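S.K.: Protein sequence lines, in the order shown, are assigned to chains A and B. Going by the working numbering, the first residue of the first sequence is number 595, and it counts up by one from there. Going by the working numbering, the first residue of the second sequence is number 595, and it counts up by one from there.
No lab work stands behind these hints, which were simulated from the structure alone. The structure displayed is predicted, hence computed values, not measured ones. Ideal placement from N, C-alpha and C gives every residue a C-beta, glycine not left out. Fair warning: there could be bad hints in the mix.
What the hints assert, rightly or not - Incomplete in silico selection of chain A near chain B, CB under 7 Å:
| no. | residue |
| --- | --- |
| 1 | V633 |
| 2 | L637 |
| 3 | A646 |
| 4 | C717 |
| 5 | E733 |
| 6 | A739 |
Said to hold, decoys possible - As a list, the in silico DSS-like pairs of lysine-lysine whose alpha-carbon atoms are at most 30 Å apart:
| no. | chain 1 | residue 1 | chain 2 | residue 2 |
| --- | --- | --- | --- | --- |
| 7 | A | K640 | B | K620 |
| 8 | B | K664 | A | K664 |
| 9 | B | K640 | B | K664 |
There are 2 protein chains.
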Amino acid sequence: MSKPEIRISRFQDGYSWECVEREVYKSGQEVGRDWQGIVRQVLVGKDGETTAFHLRYFEVAPGGYSSLEKHEHAHVVIAIRGHGRAILDATAYDLNPFDTVYVAPWTPHQFQAAGDEPFGFFCIVDSERDRPQSVSSTEAIVAQAVGARGRS
Amino acid sequence: MSKPEIRISRFQDGYSWECVEREVYKSGQEVGRDWQGIVRQVLVGKDGETTAFHLRYFEVAPGGYSSLEKHEHAHVVIAIRGHGRAILDATAYDLNPFDTVYVAPWTPHQFQAAGDEPFGFFCIVDSERDRPQSVSSTEAIVAQAVGARGRS
Chain A
595 MSKPEIRISR
605 FQDGYSWECV
615 EREVYKSGQE
625 VGRDWQGIVR
635 QVLVGKDGET
645 TAFHLRYFEV
655 APGGYSSLEK
665 HEHAHVVIAI
675 RGHGRAILDA
685 TAYDLNPFDT
695 VYVAPWTPHQ
705 FQAAGDEPFG
715 FFCIVDSERD
725 RPQSVSSTEA
735 IVAQAVGARG
745 RS
Chain B
595 MSKPEIRISR
605 FQDGYSWECV
615 EREVYKSGQE
625 VGRDWQGIVR
635 QVLVGKDGET
645 TAFHLRYFEV
655 APGGYSSLEK
665 HEHAHVVIAI
675 RGHGRAILDA
685 TAYDLNPFDT
695 VYVAPWTPHQ
705 FQAAGDEPFG
715 FFCIVDSERD
725 RPQSVSSTEA
735 IVAQAVGARG
745 RS
């Protein structure tokens with residue numbers, strides 16, 4: 595049996611963790627997807643952990659949003675910082691700290707910051723997962739009708 | 595494609611979630627394992643979710659502790675309420691809100707409340723996992739030397 599590799603990641607000022615890289619995505623786009631003002635920190639998933647899942651912390655700057663997308667794998671989100679909004683299919687949900695969200699497979703979804711402070715949340719996903727896809731034009735129209743932002 | 599089943603679990607006063615059962619384990623023991631003052635809330639894992647992981651929130655009352663145990667599956671813990679201590683193998687680690695812990699396979703581990711308020715944490719585990727085992731007498735002696743509590 596190989597030696598256990600225990601790891602404690604210490605939380606620090608500014609919603610960062612000791613020895614965890616802050617990956618900044620100011621804005622970007624791929625075919626049919628765009629996003630703005632996102633920082634990602636991967637807490638579990640980059641160091642050969644044996645878990646069937648990865649744990650990431652995302653932070654969305656005021657005015658920012660994740661891409662409107664869908665995929666086979668489900669998301670689990672735990673809001674922890676500030677206030678946000680989840681666009682899920684044809685509904686917008688306000689999110690406050692410690693609210694949790696189960697985003698079922700193939701649900702078109704987008705996360706947005708609400709208000710003047712960053713919106714931060716943990717997002718847990720299967721370690722083996724499909725790539726995000728852009729939503730259909732009908733799904734985009736539906737999502738934008740309830741508040742989705744950006745290109746679609 | 596079946597209809598997505600989105601779920602928002604709203605956080606409420608008293609560190610509980612709307613429509614989520616609070617499972618209370620005042621104290622108990624099985625062969626070689628005991629625990630005290632634990633409340634569990636299963637946020638993801640009881641409703642046919644497709645994820646390869648489950649999300650639970652555990653709260654340990656002041657003076658309480660989880661069982662000292664080990665298993666093949668890894669744990670990921672996110673401290674969120676109060677202050678606690680993780681006994682991992684031969685080391686005790688203080689835990690403060692938003693510190694995260696990766697408990698590698700087969701690491702003897704116990705979580706304890708520290709101070710006068712409850713210690714609350716999310717614990718993420720693989721949905722398919724082995725049962726916890728009691729630690730060996732040597733592992734128990736080592737863990738108790740660094741602060742593990744209860745029977746072992």
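S.K.: Indicate, hint by hint, whether the structure satisfies it.
M.R.: Hints and how they fare:
no.: 1; hint: V633; result: 15 Å, violated
no.: 2; hint: L637; result: 5 Å, holds
no.: 3; hint: A646; result: 4 Å, holds
no.: 4; hint: C717; result: 11 Å, violated
no.: 5; hint: E733; result: 12 Å, violated
no.: 6; hint: A739; result: 17 Å, violated
no.: 7; hint: K640/A / K620/B; result: 37 Å, violated
no.: 8; hint: K664/B / K664/A; result: 37 Å, violated
no.: 9; hint: K640/B / K664/B; result: 23 Å, holds
Violated hints for the displayed structure, listed by number in ascending order: 1, 4, 5, 6, 7, 8.
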